[in-house]
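2 protein chains.
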Amino acid sequence: MLLFELDQRTTQSKSKQIVDRLLEMMKDAALNPGDRLPSTRKLAELLRVHRTTVALAYQTLWSLGYVELRRGTPPVVRCRVPIMEPGDRESMSAIDWSCVASPASEEVYRLFLTRNAPCDNTLDRKRLSFEFIKMDPRLFPAGRFRASLGRAFRDEGLSLLGYGDAQGYEPLREAIAVRMRTHGISVTREEILITNGAQHALDLVLRMIARPGITVAVESPCYADILPLLKQYGMDIAEIPITGEGMDLDVLEDRCRQSPLHLIYTMPNFQNPTGITTDQEHRERLLSICSHYGIPLLEDAFEEEMKYSGRVVLPVKSMDSGQRVIYCGTFSKVLFPGLRVGWVAAHPECIRRLAALRRYGELAPPGLLQAALSRFCSEGWYEKHVSMMHKVYRKRMQTALTALESFVSPEWARWTRPGGGYLIWLSMASHPPVDWEKAFASEGIAVASGRSFFSSDPDGTFFRLSISSLDDAEIDEGVRRLGRAFQKVYEKRGIAK
Amino acid sequence: MLLFELDQRTTQSKSKQIVDRLLEMMKDAALNPGDRLPSTRKLAELLRVHRTTVALAYQTLWSLGYVELRRGTPPVVRCRVPIMEPGDRESMSAIDWSCVASPASEEVYRLFLTRNAPCDNTLDRKRLSFEFIKMDPRLFPAGRFRASLGRAFRDEGLSLLGYGDAQGYEPLREAIAVRMRTHGISVTREEILITNGAQHALDLVLRMIARPGITVAVESPCYADILPLLKQYGMDIAEIPITGEGMDLDVLEDRCRQSPLHLIYTMPNFQNPTGITTDQEHRERLLSICSHYGIPLLEDAFEEEMKYSGRVVLPVKSMDSGQRVIYCGTFSKVLFPGLRVGWVAAHPECIRRLAALRRYGELAPPGLLQAALSRFCSEGWYEKHVSMMHKVYRKRMQTALTALESFVSPEWARWTRPGGGYLIWLSMASHPPVDWEKAFASEGIAVASGRSFFSSDPDGTFFRLSISSLDDAEIDEGVRRLGRAFQKVYEKRGIAK
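Here the protein sequences come in this chain order: A and B.
So for the first sequence, this note's numbering puts the first residue at 1; every next one is plus one.
So for the second sequence, this note's numbering puts the first residue at 1; every next one is plus one.
You may find that some hints are simply not true.
Identical copies go unnamed one by one, so any copy, or any two together, can satisfy a pair.
Listed below are the simulated BS3-like cross-link pairs for lysine-lysine, each with C-alpha atoms no more than 30 Å apart in a straight line [what the hints assert, rightly or not]:
#: 1; residue 1: Lys391; residue 2: Lys27
#: 2; residue 1: Lys395; residue 2: Lys14
#: 3; residue 1: Lys126; residue 2: Lys488
#: 4; residue 1: Lys231; residue 2: Lys488
#: 5; residue 1: Lys14; residue 2: Lys384
#: 6; residue 1: Lys134; residue 2: Lys492
#: 7; residue 1: Lys27; residue 2: Lys126
#: 8; residue 1: Lys231; residue 2: Lys126
#: 9; residue 1: Lys42; residue 2: Lys27
#: 10; residue 1: Lys42; residue 2: Lys391
#: 11; residue 1: Lys438; residue 2: Lys14
#: 12; residue 1: Lys395; residue 2: Lys16
#: 13; residue 1: Lys395; residue 2: Lys42
#: 14; residue 1: Lys231; residue 2: Lys14
#: 15; residue 1: Lys384; residue 2: Lys16
#: 16; residue 1: Lys126; residue 2: Lys16
#: 17; residue 1: Lys488; residue 2: Lys438
#: 18; residue 1: Lys231; residue 2: Lys42
#: 19; residue 1: Lys488; residue 2: Lys42
#: 20; residue 1: Lys384; residue 2: Lys27
#: 21; residue 1: Lys42; residue 2: Lys14
#: 22; residue 1: Lys134; residue 2: Lys16
Honestly, the hints are just simulated from the structure, not real lab data.
This structure is a prediction, so every number in the text was calculated from the model and none was measured.
So that you can see chain A by itself, here it is in the shape it has in the complex (with noise of 0.2 Å):
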């Protein structure tokens, strides 16, 4: 029998009170899967309370699946099924999801899983670590950013909680827009499509001339998680190997004149992972083929807003007559990565074909993000972070040369000088196998590794040292660190410095 009563001088109605009181006593195993509630009418007389109070309690307790209601019989406590722990399921499926999976998936997901994902935000201050491109959290402009998006909360909540554009929010289309005029690129909101950050514009421009035959070239080595994409699209890949200057345009060249390339991919700028940044002539003589061989030009400017050495020309976009170029931009190398929001900027005709494929793979972005950033981007904030970014970076890019010059003899590995960005490149000198993941573990540091950057096997030992979440001592600290590791290596063979 139920024994409970209820309180008469709480707001709480009735009705609410009852499924609270049943609700602990079946949290508590005083009511059981299987047991029968008193009817209706027995617990009204019981408590006290009309029959529709107790009707409506148990038709809420119904909808959130407490209960079974069956017309002319009393309710009766679901039976729950219990949740397991993970790892319970394991062995269970009747389906083998390798072969669901198309070969391609399998060999993404194989990737998947030997390379390490940067998600984890907990700053381990003991282990520096140079292996991920993200940014210092200790300069996110969170303070500013939550009013932003206190503001445009109050202002267009119940707008920005429905359905959005799904080529964007306009405001922040716009805001871009007017963004990109610093870097010499006239573009209209139409010519912007707002995506969840670079990675996903890279995956909607594969995934529009996705099809049997389709040959990109990329840079040797390049941005590592292109390369999944293309082979998720059973893309052929053109390695075409970048020297000092970026992408090889005469290996380039002699590739377009063997077979047709279907879309050229590039960054300019502070190369991932190289740091190389093009200039003036190499832009415009890679139009140029582009040009004479008609081929679109898919220009990665994941970290254009880092120009902070006065040293970097205008993107190839700029230049850009015959709309030939596929421009994206991203936030989350100078802003937050968590906020997934980046952009395509191309002809309307490339964008509006994008906004198809964005439609049908997840309809729209989040409204409320893209507002809070259209603000901050609006109230000055975002060029206010940019130049404090600059001024950080300028200095912590210079303390890790003057580190590594320091630190690493130039008889162990050669290194590159970027004008901006967060990448050092490191070439090897040549040496016997070394577990270098281990050498640095001791040390207490942790690099990328080479290989991921390349789509077949590298000629040589190179590491890419990312400088975007350490401060200047941290930097110094690596390096110096990173110099033991070396020197330890290399003096078993006779190397010191």
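Chain B: place on chain A using the hints.
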């Protein structure tokens, strides 16, 4: 010559003042592209500040893209490209984007152009729209959600603004796992992948299995927006007719015997577009067909939470001892579509593969919104909101069905009587060609044409009514107008009420 002085009383830095004044002059065309600025030394003398103050101001202007700096010469105001108006660029691309895009993408693009997207959130109360599934924003618990968002930001802001987990924010996966128990489904957070809404879940599942020669069985009519995805991935579509009891399982079994099916896609509750719900027996038989032929089942439970009539059985996934079912759910049809949060629940081997595809498609979903939603659920607001929605829509659906009885003759149309959700499906009596859109527009209403829910041409005329965005009075008035529109068409043909 520059004519301005610095304000000595303000707290603003002198360098900042110089930047602001020069920007003002550029805006007012007192400074124009190509104009030389004074040398650092000269301006410092004029303003009686230190040279480094001016140098810093020039550096800032450079980093914002307003001036060119060259060693040894004074800075020059950069030639800024004009912003064109939308449309100016249309004819200027040297690339034919319709050829760059694959034939499949072009087909998706054509569909996109012909269909309306439900992205306009302005309420036009003169025109009563039954066209889209967009919940009434008047019911949005925006204030509550804003508070949850504020708390999430305050407590975890820095971490949420960094890169997140490709599988989704863990506490939200946990909250969803707990919620799914109320629908009889036992899964752990390891069996959940957060997606950008249910549409994104469908995209990931199809992407996982995509390869030449894949056939997917769908109900006919079915959810319109899966059709472009199937085309995008080059899949064959097996249309299985739907009866009043759901997908015709005799036809499905016949089809299975003919040639392999690789996936069966179904919406067991309040099917979009028909509103039809299957019973226990149907669900068990469907699962046994999947089991017998070794086919994974994609259960789209887009309105699982809207079972407000008390007559709907548990999901197919709850009976899925063989772990064959890929279940997808969403917050878009009961809370806010603008959050873009849905999920997949499936065997971990399946979930990890989908997570890999999401990782390379767009990295991870935005942390802030997931954390806010997770709090909204764990603080109990989600359950409360669902209860309210049940109460409201139970009444609205009754209003709609009563109005149909009153204003629409059974001689003109038959319709479904759903036990939940938002959708009613009208099958029209045969008639000569009619411009229905015009007929409805002249009465100030809009409904969804049945055509878009079929992969091949349907045999008959159908309309889908969504009661999601109208209140009781509006529904009554809307159905009254619908009846008038029908009356005008059918009375001409002598089929009076």
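Here is what the structure says about each hint:
In the homo-oligomer, the alpha carbons of lysine 391 and lysine 27 lie at most 30 Å apart only across protomers (25 Å), although the nearest pairing inside one protomer, at 57 Å, exceeds that limit. Within a single copy, lysine 395 and lysine 14 get their C-alpha atoms only as close as 65 Å, which misses the 30 Å cut-off; across copies the closest is 22 Å, which meets it. Within a single copy, lysine 126 and lysine 488 get their C-alpha atoms as close as 21 Å, which meets the 30 Å cut-off; across copies the closest is 79 Å, which misses it. Taking the closest pair of Cα atoms, lysine 231 and lysine 488 never come within 30 Å of each other, the shortest separation being 38 Å inside a single copy and 57 Å across copies.
In this assembly of identical chains, the alpha carbons of lysine 14 and lysine 384 lie at most 30 Å apart only when taken from different copies (16 Å versus 55 Å within one copy). Taking identical chains as interchangeable, the C-alpha atoms of lysine 134 and lysine 492 are never at most 30 Å apart, the minima being 34 Å within one chain and 69 Å between chains. Taking CA atoms no more than 30 Å apart as the test, lysine 27 paired with lysine 126 passes in neither setting, with 44 Å inside one copy and 49 Å between copies. When the C-alpha separation of lysine 231 and lysine 126 is checked against a cutoff of 30 Å, the pair qualifies neither within a copy, at 37 Å, nor between copies, at 51 Å.
Taking the closest pair of Cα atoms, lysine 42 and lysine 27 come within 30 Å of each other only inside a single copy of the chain (23 Å); across copies the shortest separation is 79 Å, beyond that limit. For a Cα distance limit of 30 Å, the shortest separation of lysine 42 from lysine 391 across copies, 24 Å, qualifies, whereas the shortest one inside one copy, 75 Å, does not. Taking the shortest Cα distances, lysine 438 and lysine 14 never come within 30 Å of each other, neither inside one copy (65 Å) nor across copies (51 Å). Taking identical chains as interchangeable, the C-alpha atoms of lysine 395 and lysine 16 lie at most 30 Å apart only when they sit on different chains, with a minimum of 20 Å there against 61 Å within one chain.
Only between protomers do lysine 395 and lysine 42 lie at most 30 Å apart by alpha-carbon distance; the minimum there is 27 Å, versus 77 Å within a single protomer. Within a single copy, lysine 231 and lysine 14 get their C-alpha atoms no closer than 61 Å, and across copies no closer than 54 Å, so neither meets the 30 Å cut-off. Taking the closest pair of Cα atoms, lysine 384 and lysine 16 come within 30 Å of each other only across two copies (11 Å); inside a single copy the shortest separation is 51 Å, beyond that limit. Taking the shortest Cα distances, lysine 126 and lysine 16 never come within 30 Å of each other, neither inside one copy (52 Å) nor across copies (38 Å).
With identical chains, the CA atoms of lysine 488 and lysine 438 are at most 30 Å apart within one copy only, with a shortest distance of 12 Å there and 81 Å across copies. Neither within a single protomer nor between protomers do lysine 231 and lysine 42 lie at most 30 Å apart by alpha-carbon distance, with minima of 66 Å and 58 Å respectively. In this assembly of identical chains, lysine 488 and lysine 42 lie within 30 Å of each other by CA distance neither inside one copy nor across copies; the values are 83 Å within and 54 Å between. For the identical chains of this complex, lysine 384 and lysine 27 are inter-copy neighbours only, at 19 Å across copies versus 53 Å inside a copy, given an alpha-carbon limit of 30 Å.
Taking identical chains as interchangeable, the C-alpha atoms of lysine 42 and lysine 14 lie at most 30 Å apart only when both belong to the same chain, with a minimum of 16 Å there against 81 Å between chains. In this assembly of identical chains, lysine 134 and lysine 16 lie within 30 Å of each other by CA distance solely across copies; the values are 29 Å between and 48 Å within a copy.
When the structure is compared with the earlier hints, violations turn up for hints 4, 6, 7, 8, 11, 14, 16, 18 and 19 and for no others.
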